[in-house]
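Q: Given next are the chains, with one letter for each unit.
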Amino acid sequence: MQKAIEREEEKFFKLVNSIGVKYSSDGLFRWDDVVDVTFSYIEGAEKGDLMRFFDNNFYYRRPIIKKKIKPNSNEFLKYIKDDQRLLDKLGIKVGLSVVILGPLSYHNLSENKVYDSLELLSDYANVVNSVVKSIGNQVKILEIHEPSISDKLVKKDILERLPSIYDEMLKGVNIPSLLLTYFELNTSRLEYLFKLPVTYYGIDVAENKNKLGIIYRYFNGKKVFLGVINTRNTRMDSISSMRLILRKAKDKGAEEILVGNPGPMDFIPEVVAKRKLSLLSKLR
Amino acid sequence: MLDLPILPTTVIGSYPRPKWLRESIRLSKIGKMSNDELIESFNDAALAVLHDHYLANVDVPTDGEVRRDEMTEFFAEKLGGFKFYGPVRVWGTAYYRKPAVVSKVEYKEPMLVDEFNYAKSISYTSNLKITITGPYTIAYWSYNEYYKDMKDLTFDLAKIINREMRNLVEAGAKIIQIDEPAIHSTKKDIEWAVDAVNESLKGINAKLVLHICYGDYRIVAPYLNEFNVDQINFALKIYDYKYLDLFKKYGYEKELGLGVIDVHNRRVETAEEIAKDIKYSMKYFPAEKLWINPDCGLKLLPRKIAFEKLQNMVKGTNLVREELKRTS
Ligand SMILES: [Zn+2]
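Protein chains in written order, with my numbering: chain A, 1 to 284; chain B, 1 to 328.
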């Protein structure tokens, strides 16, 4: 098992290196999905039923929270050290990112039997804060997956408290943070999204092409991450339309622009995922 | 008319493949078994599954879909316009070969007629059910590289599914179930998705059943009466029947196939538990409108457990039937 994961990671790191990326995760080969990752840094949640991951034919195990959650850095820290050791062995200078699930997504994707909502969000933020701080600067960027930002039934008081929850989560964290929102964006959430205290705001532009006009309005003075490839369709994305989007983002005042895949690549076959990632190298 | 007892029992479709069939498929893939021999294995497996259904006393059996690896893949492989790039993950270590539509989808040859004819020739009852994956689910579980949008693709698939259903009726199919587990995936498609399913059912002279399972039934509940089918069956056990109230609220009036077996759990429900669940459901819908079935296909369970679950499903149904007889 261990060997197989290392082999996959090695292939993955070589691929991202050949594309020339600045930051990359380890490909998450140790886990089934991004929700599964949380079990490696949280104590107190159990694996529950298979639940559908948004509108995909893809299922994750729902965390069941039966007691207060606590940080558990040991396993997580070991993985990161293993990743860095592998990168060093391969002589690859990619900035390793650490992937965590955003507090709102953790709240929405799990079954909570002990907390009230705001308490869970706050405890989760503190757990992540402690875990990320214990990792220190072994990683170069914190990648926060927050697809639930577009969920329909999020209460207003939660949305309004989210910036302070993020403050708690990122307090004393000395690496940049990248917030990833993916799949279809609910544009009424943009004002909340762009208030969150993160370094880079990630937008799945490939799946929200018809909403770009509204999305661009928030770019002025912000650092943005543009997910320019569609990770849910095998059709190859057009380089010229990617370039157009980049140019537009710049015109609209984005202070810095990173590009990449908007979210997990589990939804397309591996050969297609590789081909799509390779497109990114043609963008510069 | 079909000659069936009250609370007819049925299966959703798939059943665990006998272990030796999995071995035959493996041998055939590495060229160590001829195609004729593989077909013989499939036929023998269908015979074994129908025998299990017979022993369990299921009123409306299937052949267990033993020939089909996966419900989208199977059809995509037999149609023009699809391409396979490789496996994608469904969960954990479970993968399927999600097809991509790369040109106009086209009907090439009958897909289910041989399967149906063989099952019919060995069935212990003329009340045999044949299942077919619906157009929305095939479209939703494929990548669309060719069509302007998924709607266009779905309606093209609806014509194809309709053509195959006509072939099945011609071959003598009396009960056809259209599987649409993806139909309630997103609210924004649901209205035209219902139209697409109806398009695929146009002019089909058979008892028509729709299978819907897992997810948020609130999306589809307001539209249930609009499907041109005689019956809709649902996974309900896993949700502890909480959706019955909703169906009732929307005035659902067709036959309801009641999922009483959790297919994701190896615990075998007892006959008494099943009887209790059926009686609970009768508070919402009259016995005359109810059929009894598992939540979904039994394929992923060990065969022994699948069989025991079916046996108890029928035993539990019989308990309620006896009670109904006594009180009538
Ligand atoms: Zn099903």
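It is possible that some hints are incorrect.
To be verified - Straight line, CA to CA, 25 Å or less: simulated BS3-like cross-link-like pairs of lysine-lysine:
| hint | chain 1 | residue 1 | chain 2 | residue 2 |
| --- | --- | --- | --- | --- |
| 1 | A | Lys-89 | A | Lys-14 |
| 2 | A | Lys-274 | B | Lys-249 |
| 3 | B | Lys-148 | A | Lys-209 |
| 4 | A | Lys-47 | B | Lys-242 |
| 5 | B | Lys-276 | B | Lys-315 |
| 6 | A | Lys-209 | B | Lys-276 |
These aren't lab readings, by the way, just hints derived from the structure by calculation.
Q: Would the pair A/Lys-274 and B/Lys-249 pass a check requiring their Cα atoms to be no farther apart than 25 Å?
A: violated (49 Å)
Q: Please work out if A/Lys-209 and B/Lys-276 have their alpha carbons no farther apart than 25 Å.
A: Not OK: A/Lys-209 and B/Lys-276 at ~52 Å, beyond 25 Å, violated.
Q: Does A/Lys-209 sit within 25 Å of B/Lys-148, going by the straight-line distance between their CA atoms?
A: holds (15 Å)
Q: For A/Lys-89 and A/Lys-14, compute the direct alpha-carbon distance and say whether it is at most 25 Å.
A: holds (12 Å)
Q: Next pair to validate is A/Lys-47 with B/Lys-242; report whether the Cα-Cα distance is within 25 Å.
A: Within the cut-off at roughly 23 Å; holds.
Q: Can you confirm whether the C-alpha distance between B/Lys-276 and B/Lys-315 stays at or below 25 Å?
A: holds (12 Å)
In summary, the structure is inconsistent with hints 2, 6 from the numbered list given earlier, while agreeing with the others.
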